[in-house]
Amino acid sequence: MHIPDGFLSPQITIPAYAISAPLWAWGVRRHFGHSSAESLPVVGSLTAVAFVIQTIMIPVPGGTSTHLVGVALLALLYHPLVAFVCESLVLLVQALFFGAGGITVLGINALAMGLLGPVAGWLVYRAFARFSEKGAAFLAAYVAVQISTAAIALVLGLQHRLSEKYFPIPFAVTFPATMVPSLTMTGVVEGLYTLFALSLLRKARVRGLDS
Amino acid sequence: MDWTAERRDRALLGGWLTGAFAISAITDPRVLAAVGLVLMVTFRRGLAAVLRRVLRSVVPVTVGLSLVSWAWLLLVSGRRPEVQPFLALGLRTCLIAFSTFAVLARVQLFPALAPWPTLTRLLVITLAQIHALRLLATESRLGLRSRLLHEPRALDVVRGAGGITGALFTLSTRNARDVSDAMRSRGF
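Sequence order for the protein chains is Y and D. By the numbering used here, the letter at position 102 of the first sequence is numbered 102, and the numbering carries on one by one without gaps. By the numbering used here, the letter at position 102 of the second sequence is numbered 1102, and the numbering carries on one by one without gaps.
These aren't lab readings, by the way, just hints derived from the structure by calculation. Ideal placement from N, C-alpha and C gives every residue a C-beta, glycine not left out. It is possible that some hints are incorrect.
FRET-style restraints, in silico, Cβ to Cβ [said to hold, decoys possible]: (1) Leu1119/D / Lys134/Y: 34 to 42 Å; (2) Leu154/Y / Arg1044/D: 37 to 45 Å; (3) Ala129/Y / Gly1078/D: 46 to 54 Å; (4) Arg1153/D / Phe98/Y: 41 to 49 Å; (5) Pro10/Y / Val1076/D: 27 to 35 Å; (6) Ala172/Y / Gly1143/D: 41 to 49 Å; (7) Arg1079/D / Lys203/Y: 38 to 46 Å; (8) Thr1027/D / Pro176/Y: 22 to 30 Å; (9) Pro22/Y / Leu1104/D: 21 to 29 Å; (10) Ala1105/D / Ala129/Y: 24 to 32 Å; (11) Pro22/Y / Arg1007/D: 44 to 52 Å.
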């Protein structure tokens, strides 16, 4: 799902870093500052779980596959800012050690997958949890994936608009190519995963940052 | 690791980061090819291993994506799209990946990050957990496959993933606390 290095020019990647950097600082200070001795292991675990979840590939009709993101769960369990920091770490590890995504696009990928999606999911969950907690969890994860994917497609479309020579694939191709699998497959699967995982974690009474 | 080596590693990391952004601004395939040659000469030690890593992890995705998009544009517009932007796109991605793998093979990442102990601890914990969880996930996947008569479908995978998350998380948190306590006792 995430954008690889070389697909976006510094015109986009540098402003994305400028937006992400203070949010990283804020997230780390707010959630991992004073009690970091206790919270760091939990963050490390959450990050690793999200990383492993992202390696679980879901077959998509047409011979390709898509993957779960797993950060909506973090946003619902803790806070969207925790999800943002954890997803940024996942993206950093993927970029440095596994050649996925990249260092120049880290800011934009983190904003799209770690912040916009989880914030949208968290808001949906807060709005609908009073009617049905399970339904709200499913919907939150589904919406989170759609928002993240749409953000990625929009950024790629913006890059094409800025320079066709730089990114030759127009928005009319990028948007359906990213959104169709997301709407029909990834979102549903992410929703089901979040639903199952959330009820299991609640049953297991796994405590998080304030443990 | 001595002070000079740490400084050299930090300078190399800084240079790589600046270089990655600089490469991401180039659109001319000839310039990118020239930069590629310079990089290959500069990082000639261990060249084959780094190239193999790029070929395995980056090239299939980038080339596949470019080819499919190019063919789609050809189909939709009825005329051949320019090859140059697609070539530049692939080259940029490969060059940045090459420089990343080549630099990381030359620096001792954790000593270079010593001035930021929180980041070091977080990275160590995360990497340790990723290693442990990947082994567990592989075992779980094999377990899931062995319990089913057919190849696991999407719903089976999701049920399995949801089911193992609780166990993975609990185990992972316990392990992470051990690693973190061990690091704290060593001054991190």
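Each hint tested on the structure:
1. Leu1119/D / Lys134/Y: 34 to 42 Å: 37 Å, holds
2. Leu154/Y / Arg1044/D: 37 to 45 Å: Given about 41 Å between the Cβ atoms, the range holds.
3. Ala129/Y / Gly1078/D: 46 to 54 Å: Holds, since Ala129/Y and Gly1078/D (Cβ atoms, about 51 Å apart) stay within the stated range.
4. Arg1153/D / Phe98/Y: 41 to 49 Å: 26 Å, violated
5. Pro10/Y / Val1076/D: 27 to 35 Å: This hint holds: roughly 30 Å between Cβ atoms.
6. Ala172/Y / Gly1143/D: 41 to 49 Å: 44 Å, holds
7. Arg1079/D / Lys203/Y: 38 to 46 Å: Since the Cβ atoms of Arg1079/D and Lys203/Y sit about 59 Å apart, the hinted range of 38 to 46 Å is violated.
8. Thr1027/D / Pro176/Y: 22 to 30 Å: 26 Å, holds
9. Pro22/Y / Leu1104/D: 21 to 29 Å: Holds, since Pro22/Y and Leu1104/D (Cβ atoms, about 27 Å apart) stay within the stated range.
10. Ala1105/D / Ala129/Y: 24 to 32 Å: 48 Å, violated
11. Pro22/Y / Arg1007/D: 44 to 52 Å: The hint (44 to 52 Å, Cβ to Cβ) is violated, given that Pro22/Y and Arg1007/D are roughly 28 Å apart.
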